[in-house]
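Undergrad: Protein sequences, first through last, are from chains A and B. For the first sequence, the working numbering gives the first residue as 1, with consecutive numbering after it. For the second sequence, the working numbering gives the first residue as 777, with consecutive numbering after it.
One or more of the hints may lead you astray.
[Said to hold, decoys possible] Quick list of the computed label-pair ranges, beta carbon to beta carbon:
| no. | chain 1 | residue 1 | chain 2 | residue 2 | range |
| --- | --- | --- | --- | --- | --- |
| 1 | B | GLU944 | A | GLY79 | 55 to 61 Å |
| 2 | A | ARG439 | B | GLU944 | 58 to 64 Å |
| 3 | A | SER529 | B | PRO843 | 39 to 45 Å |
| 4 | B | PRO832 | A | THR166 | 55 to 61 Å |
| 5 | B | PRO946 | A | GLU239 | 53 to 59 Å |
Source of the hints: derived by calculation from the structure; they are not laboratory data. We treat Cβ as the ideally placed atom computed from N, Cα and C, and that holds for glycine.
Here are the chains, one letter per residue:
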Amino acid sequence: MATTISKPETLFGKRIRRQEDPRLITGTAVYLDDIKMPGMHHACIVRSPHAAAKIRAIDTAAAAGRPGVVAVFTAKDTGHLGAVPCAASLPGLRVPRHDLLARDRVYYVGHPVAVVVATDRYLARDAAEMVEVDYEPLPAVADPEKALAEGAPAVHPEWPGNVAFTFHQEGGNIEQAFSEAEVVVKQRITSQRLIPTALETRGVVADWRPGENSVTLFSSTQIPHLMRTLVAGILGMPENRLRVVTPEVGGGFGSKLNVYAEEALMAFISMRIQKPVKWVESRRENFTCTIHGRGHVDYFELAARRDGVMLGLKLKLIQDLGAYHQLLTPAIPTLSVLMMPGLYKFQNVSADIVGVFTNCVPTDAYRGAGRPEATHGIERMVDILAAELAMDPVEIRLKNFVGNDEFPYTTPTGLSYDSGNYAAPLRKALEQVDYPALRREQAQAREEGRLMGIGVSTYGEICAIGPSPSMPAGGWESATVKIEPTGKVTVLTGASPHGQGEETTFAQVVADELGVPMDDVLVVHGDTSVVQYGIGTFGSRGTAVGGAALFYALQDLKAKVKKFGAMLLDAPAVILSGGSCVDERTGKSVSFAEVAAAAYHAKRLPPATEPGLVSTHFWEPPNFTFPFGAHVVVSEVDRETGDIRIRRYVAVDDCGKIINPLLVDGQVHGGVAQGLGQALWEQAVYDENGQLITGELTDYALPKAHLMPWIESSHTETPSPVNPLGVKGVGEAGTIGCSPAVVNSVVDALSPLGVRHLDMPLTPEKIWKAIQGGQA
Amino acid sequence: MSSKKDPELPVQPKSGFSRRGFIRGVGIGSGVLGTTGLLPKEAAAAPGAAVVGPGPVAMTLTINGKPVNLTAEPRVTLLDAMRNYLDLTGAKRVCDRGTCGACTVLINGKSVYSCTTLAIDAQGKKIETIEGLPVNNPVSAAFVNHDGQQCGYCTPGFVMAAHGFLREHPNPTEADVEHGLCGNLCRCGTYMGVRKAVVEAAKGMKGGSNG
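Excised from the complex, chain B in its bound form (with noise of 0.2 Å):
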């Protein structure tokens, strides 16, 4: 069964992707085997060497503007090295496919899938996650305002995904908010608070409150 060779498996895109909105731009195709030949952009920003793996390697990354450190396979995901190396557990698991949204973190501002991103390509760029938000940022403060959460799993990639979709898209309609969070999945079906909510952080972020 593939779920045994999650973490080993390439990274396949399966044919799902497509169908499924797979929006964020989040390299597929190149997180196959973590190595410089394959990666020479993002290697070059690995420390040291031509070629790393297959065992742990150190990397430094960049989350919530401070560098954090870690040693790890380069076949380990953002998703896993946050939560498995660096006790950052907001963001979640929940298909490791890029089709739900729950891992989302912005990367150099952009909503991306720390599910389907190798954290050694997340190297040498800005990480935001959900533990760096201020606790009252308008998003926030919004979903509870209009009960966008029950079980809250996948909360807080809803908020990232809203926070990186209102840097883009500063004044939504309440249609634009529906297509621009149509990649992460909510089963509680909370969509209805969701949109209410990312449509009054829009109002509240452009009364200068911090975003």
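Bound-form chain A, shown alone (with noise of 0.2 Å):
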């Protein structure tokens, strides 16, 4: 026993490399593809050319006669199974029944119509081609808008119109703060379909045991346990004979955050062959049949008086929901009404959301999931009236933020921002580009005839997804710890984080709470057999409710150590230091090794206290946490080429306590490149017959190492009250903070030009169109 202890640094705070790394640096981290196993087959899906037809008939006689092949499947094997899972619920939802194979129609360009299984990958593609689908094409429709005109294709045939959904929101009163204001700005701004290009695409490996009765299934997701239930729904098996194993994930920003057909159609398949069987997904099968992202068209009226005070917004959001539900689809766009008023006090505002079928891949939550396509609308109409007004933008935002004295602060449309100091973000990221120089600089350039932007975006939004009542499944999360015999802490955490970093942050926290080395925690995820029901990973949740969930199992198991450690030192009380039990009155202690060997040999108990040391908690968040933040672009736009060249970005993101620096900057980092790439180049687009024109790599513009502009990060800490940690969630931030900062520096450049509003993406194109047209 040991009598001298110094209480190490905490780790909270500190730029640690991550505990991740040396798998991904050497490639030896697994990966969906990378599975191997015993007479493993493989699988190809059989897709529909056509955006919109009907099935005749289908011969897979050809197929099946192929060397290798075992079997090909249609919907007449698998029509039993239950349908492809839509968790969202509003008043009045139209829901498809999505089958797991399409039955007698096909309703978008990728619809599973058939599975063909062969020993070999190459043998199952080449088989694949042989089955022959006798379609019957029928008139189609991509564009939501036109999808809506009278006499438009019907999506689906008992529901003429395509309206899924009509969904209305209101707070305040929007009517008299239309006829009191002085100044009313429209704006039809569009947030364009995105795809979300997790570089791994999905896969599914399953494994049938028949000696166990159960299926393993490996799957590249973000939510192993919602994933668990929900196939072994489909399947109509019980839960506890699936279990659901998420090998390394590369990449998901929402598009994994699902339940496809192909986990619950590969589990039937392996249960069928009494093989395992895997299916990967091809970079076209994952651009055409993984869900996309935005596809918003808004129409936003803005109320104000002529001193810039904002009174009141309305909004008419028509929703492209894509030809069926994926898990959330309908939910997506009443996230962008919750957040529609940003930072701003008005207090009245009224929305109406429409949401359209048509022939395209359903969208989903892309990261950021409705709070971009919100944060874009008001802070581009905040720019539109500031125009109006003669304003600067930066005035009028300064005029209208909710005072730091209001927290929490109630919305008009119900929710409770936690905490926040909103001007704060912006005069830092002001003062960090010297702003009056800026303009000075501008008026100089305008004055030469170059074409010199300034943009400012000052976002919130919605993170630490959530509390329960306003998730379908829950909107908690579970965090175990052990403490192993050798003293060695094992963490199960339910979240199931995939790049992000959790291995590393969690292992900081567990360090400083219990005053071990970060190398002695070891933190599991992504196991439906090793980790207690979780909920996931999304919704800038995975720390702020599964580092909560963490927090409070190691308050827990904090005290049973000391309970095993007074016990061994024959003292009334001890503390932790060091990663050792102390008793302050003498300065003995012991170790955790010697606390955790006591607590597993049991051979004396403290009083009412059961052997061994594991503490689980399941957290329940009293609210959502609501990060915000400034970014300040400036452009210059080319006059004779209308390219964008980014001068500086400027972040000033506010997400709370920050437990790694290193981390955060790399999420913001992530979420600056996914916003640039809406603003900047990323659009899918379908053709008038539903034909994805951009349906691979090659035709889909990413941002790439020389096109990304350098992001200058650095943030404020405005402590989040709702948990413990004191943090908020940065996922996502990079991404809603962008695109209208983005947009802003452009418009203002082009300005002079009489130019008021541009619709993503900007590309070169749009622009020396603009350019023309604002000159002619």
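Using the hints, put the two standalone chains together into the complex.
TA: Now the structure itself:
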């Protein structure tokens, strides 16, 4: 027993390199497609080449006769199984039954029609070519506004008009706000369809083990436990006979926050052929069959006084849902409505959503999920109002921010903003760029005929999703902490991180709380047989909800450790310090390893205490968290070519307390990269027949190394009172703050030409046309 | 859908290739049928036959300094050969079209997209993959120091591309790195970390460490 203990430096707030990296950097991490099993077969899915068609007949005989083919499945085989689940519920929502395989009709390009299973992936693909499907093509509609027009083809014949739902929400007195307004600005603003493009496509390996009467399903997913429940439901099998394992996940961004037909299909096929089966999505399949994001056409009206005080906001939101509902499809635009007031204190809002079916792959949660659309809307509208009133866009924001003394602040959409200091990041960012000097430079540039722009966005977002009443399947998170008999610590988190770095940040929290070295902590996730039920990683919730669950589990465990420590030291009470229990009266201590050994060997037990050192906590958050920030973009537009150069990108984000600045910076950079992609380059383009034109990475323009501006990232820290760590979440902030800052900057650059608004993406062609039009 | 045809498709040069900076010279047009008639030079390295395929043929590849044998159809790409026949799963399939760099390996010291290189064509050449790097090489260490990876899927390709780049540009600026690595995609957006990492790695390599 040692007698001197030094308290280690706390790790909270330190730039610590990631625990995850060694396996990633060496290429030894095991992703889905790296899994091989004895006897493993390969599946290839036959998909519809038509956006809308009747299936007259399917002939699988030729495919079934090919070498290596063991089975071909169609809806005749799978028709008794359940449908792909939609967890969102809205009043009057029309939910088309989306079978695992199409029965008699297809309604988007990529609709699964048959599955060919062979001993080899090449043979499976060869044979899939031989499946003959007799289609009768039908008219399709790919544009949500055209889908609403009189006489548009019906995506689902039973619902002519293509309306899946309408949803109205209002707060305050919108009519009064508009009647009192001295100025009203209106604008149609689109947030185009985007393809999430996780670099790792989706994939599934299903392994039926007849002796155990169970299926192990390996899936590249963000939600292993929810997947287990939902796939078991589709298959009609007991949930505890299905094990979902998430290997290393090569990016999700919301696209793997879902349950797709393939997970249930592969489990079913493995049971049928009595062999393991693997399916890995091709990139083309990923683009045509995995959810897209955004897909908004928004009509905004903003009422204000001439002094710049905003009074109320109206929104008509047309959401392109696609052909059917994936897990959360109809819920995403409701998040836009919740966040439509942004950081501003007007109390009058009215929103009408029309959810529209189109012959396209469904939209669903993509990084930001509803909040980038809302933020883009309000932040564009504020700039449009500023231009109308000839006010500085900074001044108008400062005039309308919710005040620091107003938290918790109740929004007209029913949210309670937890904490904030909205002017702080804006002022910090402006100081960093020397805003007055930039405006002077801009005036000079304009005299020289150069098109220089300064754009500001001040965003708010909703994170730590979320309290269970707001979520279809619960919004809590779980953590188990086990001190093993040797004193090493194992954490089982119900969150399922996939690149965010929680194996590191959680180990930091454990190391601080227990006083053990970080290297003694192992964070385990993504296996439903190992980890207690959890909700998953999405909505910037991993640390803000999962981390809080971990914190509380640690508190329970610490109490038990102290009981054993006190017993071993014959002390009435001990403190935890430096990885030991210390009797403060004598200075004597026992190490964690000694305490752990005593707890498991159990020769003696403290009063009313069971053996072992394990604690599990399910934490229900009392509220969301609401991060915020300011992004400032300085741009210059080439008058001849329409090319945009981002001269400076300054991001000041407030995500509450920061556990690891290295990882937070990474999240901001990544978020901004995806926001910039939307602002400047990316767009999922369907032609009028519902064919995806941007169907490969050759045609869909993602940000690359040489296109990314240098992001000057810094922070203000306003702790959240919602959880004990004071964290808010940062996964989506960059994406949400970015696109309006970029567009505001470019519109500012072009404003001398009379340009008031431009829809994304701001391609050089679009800018060039605007310049021509402006000068004409 | 073309996706189903991937393995048997001639690798078609799509219009997007030039736009997306297909800079590595991996011989798109040559990768069509894998017959000796079209590929006199490479086929000379193929053992024995004047015409090979379409059935499986024996090949020998030199990977990370060791000869490895496999039997595969001539249409099999180097990426598929490594991943599906040789259990070298470090290189990743992402686009399968020579646009993203996740499958990057070095062939005779130069960065190459292995998804658009036929395995049969890679015979007789020196192939280097992520598996052959020493664990603590300066590039990998710098990637960790600067948080140059999040989900890690693009990382092996980036690390190999960085090695290829640094062999040709031992003293790069960050701007050089941006352009030198513009053939590799990272959807997590770690480009800033990667830039810093490659510049740091260049300094480390000059210190005499193994590259």
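Undergrad: Indicate, hint by hint, whether the structure satisfies it.
TA: The hints, checked one at a time:
Judged by the Cβ atoms, the range 55 to 61 Å given for GLU944 of chain B and GLY79 of chain A holds: they are separated by roughly 58 Å. Taken as a hint, the range 58 to 64 Å is violated for the pair ARG439 of chain A and GLU944 of chain B, whose Cβ atoms sit roughly 44 Å apart. Between SER529 of chain A and PRO843 of chain B the C-beta distance comes to about 41 Å, which sits within the given range of 39 to 45 Å. The hint said 55 to 61 Å for the Cβ distance between PRO832 of chain B and THR166 of chain A, and at roughly 59 Å that hint holds.
At about 57 Å, the CB distance of PRO946 of chain B to GLU239 of chain A agrees with the hint of 53 to 59 Å.
Hint 2 alone, counting from the list given before, is not met by this structure.
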